[in-house]
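Taken in sequence, the protein lines are chains A and B.
So in this note's numbering, spot 307 of the first sequence is number 335, and the numbers just go up one at a time.
So in this note's numbering, spot 4 of the second sequence is number 5, and the numbers just go up one at a time.
Be aware that one or more of the hints could be misleading.
Here are the simulated DSS-like cross-link-like pairs (lysine-lysine), alpha carbons at most 25 Å apart as the crow flies [what the hints assert, rightly or not]:
1. B:Lys96 / A:Lys216
2. A:Lys210 / B:Lys96
3. A:Lys216 / A:Lys231
Partial list, computed: chain B residues near chain A (C-beta under 8 Å) [what the hints assert, rightly or not]:
4. Ile103
5. Lys117
6. Ala178
7. Leu272
Because the hints were derived from the structure by calculation, they are not lab data.
Just so it is clear, the structure is predicted and the values come from calculations on it, not from any experiment.
Ideal Cβ positions, reconstructed from N, Cα and C, are used throughout, including at glycine.
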Amino acid sequence: MARQLVFGLALIAALAVFPLFSPWSTVILTVALCEGLAALGIMVLLRAGQVSFGHGLFFSFSAYAVAFLAAAKVGHEALVLIPVGMAASGLLAAIVGLFVVRYRAIFFGMLNLAISMVFFSLLEKLFPITGGADGKRVPRPTFAGIEFGREQFELATFYVTLVLCILAALFVARYLLSPGGKALEAIKSNETRLEYLGVSPRKVLYGAYLLSGLLAGLGGAIIALVSGHVTPELAYWVRSGEFVFIAILGGIGGVAGPFLGALMFQIIRGYAAVYAPETWHAVLGVMLLIIIFFAPAGLYGIVAGKGGKPQREEGGR
Amino acid sequence: MLLLAALDGLAYGSLIFLVAVGLSLIFGVLGIVNVAHGSFYAIGAYVAAAAVLALGAAGLPTWLAFPALLLAAALVGILVGGLVEIALLRRVYGKEEVLQLIVTFAVFMILEDAQKVVFGVQPYFANAPMNWLGTVEVFGIFYTTYQLILMPLVAAAVLLGLRFFLRRTSFGRAIVAVTQDREAATAMGIDATRVYLITFIIGAFLAALGGALASATTSLTPGIGAGTLVLSFAVAATAGLGRIEGAAVAALLIGLGRSAAVYFAPEFDVLIPYLIMMLVLLVRPQGLFSTVQTRKV
Numbered sequence: 029m030a031r032q033l034v035f036g037l038a039l040i041a042a043l044a045v046f047p048l049f050s051p052w053s054t055v056i057l058t059v060a061l062c063e064g065l066a067a068l069g070i071m072v073l074l075r076a077g078q079v080s081f082g083h084g085l086f087f088s089f090s091a092y093a094v095a096f097l098a099a100a101k102v103g104h105e106a107l108v109l110i111p112v113g114m115a116a117s118g119l120l121a122a123i124v125g126l127f128v129v130r131y132r133a134i135f136f137g138m139l140n141l142a143i144s145m146v147f148f149s150l151l152e153k154l155f156p157i158t159g160g161a162d163g164k165r166v167p168r169p170t171f172a173g174i175e176f177g178r179e180q181f182e183l184a185t186f187y188v189t190l191v192l193c194i195l196a197a198l199f200v201a202r203y204l205l206s207p208g209g210k211a212l213e214a215i216k217s218n219e220t221r222l223e224y225l226g227v228s229p230r231k232v233l234y235g236a237y238l239l240s241g242l243l244a245g246l247g248g249a250i251i252a253l254v255s256g257h258v259t260p261e262l263a264y265w266v267r268s269g270e271f272v273f274i275a276i277l278g279g280i281g282g283v284a285g286p287f288l289g290a291l292m293f294q295i296i297r298g299y300a301a302v303y304a305p306e307t308w309h310a311v312l313g314v315m316l317l318i319i320i321f322f323a324p325a326g327l328y329g330i331v332a333g334k335g336g337k338p339q340r341e342e343g344g345r
Numbered sequence: 002m003l004l005l006a007a008l009d010g011l012a013y014g015s016l017i018f019l020v021a022v023g024l025s026l027i028f029g030v031l032g033i034v035n036v037a038h039g040s041f042y043a044i045g046a047y048v049a050a051a052a053v054l055a056l057g058a059a060g061l062p063t064w065l066a067f068p069a070l071l072l073a074a075a076l077v078g079i080l081v082g083g084l085v086e087i088a089l090l091r092r093v094y095g096k097e098e099v100l101q102l103i104v105t106f107a108v109f110m111i112l113e114d115a116q117k118v119v120f121g122v123q124p125y126f127a128n129a130p131m132n133w134l135g136t137v138e139v140f141g142i143f144y145t146t147y148q149l150i151l152m153p154l155v156a157a158a159v160l161l162g163l164r165f166f167l168r169r170t171s172f173g174r175a176i177v178a179v180t181q182d183r184e185a186a187t188a189m190g191i192d193a194t195r196v197y198l199i200t201f202i203i204g205a206f207l208a209a210l211g212g213a214l215a216s217a218t219t220s221l222t223p224g225i226g227a228g229t230l231v232l233s234f235a236v237a238a239t240a241g242l243g244r245i246e247g248a249a250v251a252a253l254l255i256g257l258g259r260s261a262a263v264y265f266a267p268e269f270d271v272l273i274p275y276l277i278m279m280l281v282l283l284v285r286p287q288g289l290f291s292t293v294q295t296r297k298v
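Build out the structure end to end from the sequences listed, making use of the hints.
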């Protein structure tokens, strides 16, 4: 535990000072953190043995919510837009969750995919409202009433994001240790026994789904602000697949995993863009296979000394 | 209009039936939902289109295109499907479902890019086989023979062939036996590893065949794999995973639904398969043609 704590603090410290030395990295790091937040949501679901190929839905929903609000000029304030975007995704997760928590495994994954693709095609087709494939521009908001220049804005967003990530990570860590979090893991190992204990697996998974939707929404809201532009691509299945990739790459053993994975993902993307621009999804696929077969606990497992095989499942299927 | 939609639905339904039945068969026997299934469809389509175009360029008679389509699909099934099963899937049988999903998802990402590298991103269009068969007249509407007769015929042949194969031939029965109880079947001398491999190849072949048939009717662009995967999953899930006859009904249902949407609400044609699947799963989570399985503690 101590080792993980030291590792987490080191990661935060490294992240906090990095932009001061290399200003060009601010936006990239912010994007990485946003994707890390969404991957953190995926990780929560993976703890229950469920995988969603459709969390781009919540990511894009809050991004578009922010874009609409910013365009409507009702709220031009980042500290208002972010929670509102997040709440919008939370609301959507509360509705979608009612439906999808009844399903497991492939059905869960594909239903999420289907719903996100419905949203994706709506975003593309409803051109007059959403701007179609071109998306919408998001004007730069103010921070606590202050209007920043571009660089200061980027820096401020980064630090706000970092703080939000730390809060989110701590919250998820606490949640995973709570009775709800423990019950969540029991869904993976043996759901029927969980029912015999008088716990409703659906309620447990619903809570986790809500949390994961909120996390993805938080990431989406920030990414809309920092990139100043939203497109339907945020809802596309490739995006959702990347979140899963990041969560697996980072490892689901601890809350630092998804963020570690997201940073690594940006590095891979940066190099792949130079050396293999046409085939970089294939590069991701190959890496995914390598991780699954040779380092199933992910980067976090390697760094935090919990490498090797994950704990074996017990009980019948 | 209504008739045209029905004919479209029939042609479309037979196509997705081929892909969905492969997906369903693989799930029924191997217990894995193959996310890379859409890629087999796409690769089958590209290989077939390339073969047809090559035949045309060589000045060979057009009827040769039909065996070429079949051959292309078989090649893709055996080479790509076989490779994926031997190299990857074999390692994850009996592991967590999430793991299996992610492995096939990784294969999907790799194959999608491989296909772009090999065949490029410009659209392919090889409609020689369709034009060669001409058109038929149904109630005053001219429709291509290829789509109206050949495609449903192939789908029906596959349906009956699979039924016969699984119930009457000894290898088909071995597949059923392994599905029901792998250990007992192995004890009876059935080589379960081989059964898995061949089942996967058959499933991949059917997807590639669907793609090969489709290659003559539409232009091929990158991304057809993803759309087809979701569509065929919708069909397989609507029918109940592992149901072969059910997949035929569900494919027709979704095919008709989609072509009706194309004519009457073109904005939302892509939504129809998802909506049908969601509605069915809402009412009958196990699919239309499956019975509820008792859970084991």
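Exercise for the section: Quick one: which hint numbers does this structure break? Sort them smallest to largest. Expected result: 6
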